[in-house]
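We have chain A already, so just place chain B on it with the hints.
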Amino acid sequence: MGPVELLHMSVFSQSFSPCGRFLAAGNNYGEIAVFSLSAALSPDATAQSQKPVLTFSAHEGPVFSLLSNDCHLLSAGSGEVSCWSWAELIKKNTKPLWTKRPNYKSSLEIPEINSMTFNSRDNSLVLAGGDNNVHILDLERGLFKSVLQGHSDYVHCVSVRGREGEILSGGEDGAVRMWDSRTGQCVHCIEVHKYESCARPQFGKWISCVTTDSDWMLCGGGPSLSLWHLRSLSPTSIFPLIGCQRQTSFYQDMILAVGDGPAVSHCLLGGEVKAQIPCSPQSLNTLQLNTNSTDYRVLTVGGSSDHIDVFTNLSYRTFSFSF
Amino acid sequence: MGAVTDDEVIRKRLLIDGDGAGDDRRINVLLKSFTKWCNSPGTPDEGSVKGSLQTTCLHFVPKNLIQVLFVTVFRFTQYQRMMGILAQCEFSMGKTLMVYDMNLREMENYEKIYTNIEQNITSAHDKIAECKKEIQRAKRIRKNRQEYDALAKVIQQHPDRHETLKQLEALDKELQQLSHIKENVDAKLELRKKQFHVLLSTIQELQQTLENDEKSDNDENIQGSPAQNGE
Numbered sequence: 001m002g003p004v005e006l007l008h009m010s011v012f013s014q015s016f017s018p019c020g021r022f023l024a025a026g027n028n029y030g031e032i033a034v035f036s037l038s039a040a041l042s043p044d045a046t047a048q049s050q051k052p053v054l055t056f057s058a059h060e061g062p063v064f065s066l067l068s069n070d071c072h073l074l075s076a077g078s079g080e081v082s083c084w085s086w087a088e089l090i091k092k093n094t095k096p097l098w099t100k101r102p103n104y105k106s107s108l109e110i111p112e113i114n115s116m117t118f119n120s121r122d123n124s125l126v127l128a129g130g131d132n133n134v135h136i137l138d139l140e141r142g143l144f145k146s147v148l149q150g151h152s153d154y155v156h157c158v159s160v161r162g163r164e165g166e167i168l169s170g171g172e173d174g175a176v177r178m179w180d181s182r183t184g185q186c187v188h189c190i191e192v193h194k195y196e197s198c199a200r201p202q203f204g205k206w207i208s209c210v211t212t213d214s215d216w217m218l219c220g221g222g223p224s225l226s227l228w229h230l231r232s233l234s235p236t237s238i239f240p241l242i243g244c245q246r247q248t249s250f251y252q253d254m255i256l257a258v259g260d261g262p263a264v265s266h267c268l269l270g271g272e273v274k275a276q277i278p279c280s281p282q283s284l285n286t287l288q289l290n291t292n293s294t295d296y297r298v299l300t301v302g303g304s305s306d307h308i309d310v311f312t313n314l315s316y317r318t319f320s321f322s323f
Numbered sequence: 001m002g003a004v005t006d007d008e009v010i011r012k013r014l015l016i017d018g019d020g021a022g023d024d025r026r027i028n029v030l031l032k033s034f035t036k037w038c039n040s041p042g043t044p045d046e047g048s049v050k051g052s053l054q055t056t057c058l059h060f061v062p063k064n065l066i067q068v069l070f071v072t073v074f075r076f077t078q079y080q081r082m083m084g085i086l087a088q089c090e091f092s093m094g095k096t097l098m099v100y101d102m103n104l105r106e107m108e109n110y111e112k113i114y115t116n117i118e119q120n121i122t123s124a125h126d127k128i129a130e131c132k133k134e135i136q137r138a139k140r141i142r143k144n145r146q147e148y149d150a151l152a153k154v155i156q157q158h159p160d161r162h163e164t165l166k167q168l169e170a171l172d173k174e175l176q177q178l179s180h181i182k183e184n185v186d187a188k189l190e191l192r193k194k195q196f197h198v199l200l201s202t203i204q205e206l207q208q209t210l211e212n213d214e215k216s217d218n219d220e221n222i223q224g225s226p227a228q229n230g231e
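Sequence order for the protein chains is A and B. Mapping the first sequence onto full-length UniProt numbering, position 52 (from 1) lands on 52, and the numbers just tick up by one. Mapping the second sequence onto full-length UniProt numbering, position 151 (from 1) lands on 151, and the numbers just tick up by one.
So here's chain A without its partners, still in its complex pose (with noise of 0.2 Å):
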């Protein structure tokens, strides 16, 4: 990996191992590298612990979500799904268990999967594609369940509202749609940016990160991040951040978000920002919490660089990983 590889790499995606003691973070040029937390944490840790301990190629396009289970990591690239086990990557076997696709209608271009979230009420995998479509693929069977169409342009996130079974999803055409996941039949379209306190014509129409805790919404991207009760489907609080946010994420009583800008930005569900920390690359795309383990509860964040900071402590940068 050259020096100018480096300088061009974004980092798109994370991921904890179940656990908590491996990162794995997909970049734009399809490899998979993991980082151990172990040994970068621990107290005798040289500089040699800020570099992946096993870096493969995982897909020919850029890995554009992670995403980790009990045992399983599944990454998802230009329009393919592949499974590996944990166990096998700490032992730096690199072999896929599996590689499954979408039933495409068009075969000429292949288009890529943005986003997937686990539906652990069916045990099924949400993914959200290219395709203007919401794909769900049944991990029991391994087969592609059902489809969800109803975005006329493409999805890039999925959300899942674990209490009442809805999927959320948030796509280029502006719109938040939610779907029943049992029918399959879309039950709310919120087009955010016709909301004239959310919306940011300047900067487009697009909603780029959805997250939800079952109750409130969380949505921004071309529109100013805002945060929506989904009850009665209002806009409860807009949150008044410079640039366009790509993933957010609730913690505790604050909400995170990383976005344009090379900061974290730590909001409280009033509407006003608390914080803004600043982190090494210029732009992040990709925001996670160690939730698996107590003694590693770092937050990382990646972005238009080949570095990924490391925050043990919210309020300052630790150190940074880097490819």
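Just so you know, not all the hints are guaranteed correct.
Within a straight-line C-alpha distance of at most 27 Å, the following computed DSS-like cross-link-like pairs (lysine-lysine) qualify [stated by the list, open to error]:
| hint | chain 1 | residue 1 | chain 2 | residue 2 |
| --- | --- | --- | --- | --- |
| 1 | A | 100 | A | 145 |
| 2 | B | 95 | B | 12 |
| 3 | A | 205 | A | 194 |
| 4 | B | 153 | A | 205 |
| 5 | A | 274 | B | 173 |
| 6 | B | 143 | B | 127 |
| 7 | B | 132 | A | 274 |
| 8 | B | 133 | B | 143 |
| 9 | B | 193 | B | 182 |
| 10 | B | 153 | A | 194 |
| 11 | B | 112 | B | 32 |
| 12 | B | 12 | B | 32 |
| 13 | A | 91 | A | 51 |
| 14 | B | 139 | A | 274 |
| 15 | B | 132 | B | 143 |
| 16 | B | 133 | A | 274 |
| 17 | B | 143 | A | 274 |
| 18 | A | 105 | A | 145 |
| 19 | B | 139 | B | 153 |
These stretches of chain A come out as covered by chain B in the derived footprint (C-beta under 8 Å, 3 or more residues) [to be verified]:
| hint | stretch |
| --- | --- |
| 20 | 231-240 |
| 21 | 267-273 |
Derived by calculation from the structure, the hints in this document are not laboratory data. Glycine included, every Cβ here is placed at the ideal spot set by N, Cα and C.
Coordinates of chain B only, in the frame set by chain A:
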């Protein structure tokens, strides 16, 4: 005693009293002077007696008597000296015993303080865990409060329910009144229609009757004239 090696004994003795100026020397001196005292002859040697005679003013006392006196005095002084050294040794032994006692008590004291501090550490750990739980609870409460505030903001934007109900009631009343009026107007219209219908049908009938009458008159006239012609 056989378990302790010579090295240990030597090391301990050097540690305690290595330089030879102290209790060890005193005990050795005592032993030597005791053996000397036990083995000392009845008569003293000439030189020491002469030397001490010259310094004393006992010239007039006979020589033998002086010699015996001198020896007893000499032996007595040695004896006193030895008793003094013995007392010194006893004194230092007593001192060491007291120091040993003091050290033991200090050790106990330190042990007590040590266990006390350990207890404090564990209780502090527990308190920290408690406080962390409190923080989590407080954060949840804060999150809930913020959610309420956000919802309240949205709700405030909508108009009051009473107002809306009142408006609805007023509109209902208006609607009722208007429909009442409409009903009345409709009824009137029906009535007038019916009356006009009656009027028109009467006129029609009258017209018919008049026509019939005219026709029958004409018929009679026509019938009447041929009858007249026939006669």
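These are the hints, each one checked on the structure:
no. : hint           : result
1   : A/100 to A/145 : 13 Å, holds
2   : B/95 to B/12   : 19 Å, holds
3   : A/205 to A/194 : 9 Å, holds
4   : B/153 to A/205 : 25 Å, holds
5   : A/274 to B/173 : 52 Å, violated
6   : B/143 to B/127 : 24 Å, holds
7   : B/132 to A/274 : 21 Å, holds
8   : B/133 to B/143 : 15 Å, holds
9   : B/193 to B/182 : 16 Å, holds
10  : B/153 to A/194 : 20 Å, holds
11  : B/112 to B/32  : 48 Å, violated
12  : B/12 to B/32   : 24 Å, holds
13  : A/91 to A/51   : 17 Å, holds
14  : B/139 to A/274 : 15 Å, holds
15  : B/132 to B/143 : 16 Å, holds
16  : B/133 to A/274 : 23 Å, holds
17  : B/143 to A/274 : 14 Å, holds
18  : A/105 to A/145 : 15 Å, holds
19  : B/139 to B/153 : 21 Å, holds
20  : 231-240        : holds (count 5)
21  : 267-273        : holds (count 4)
The structure fails hints 5, 11 (numbered hints given earlier, in ascending order).
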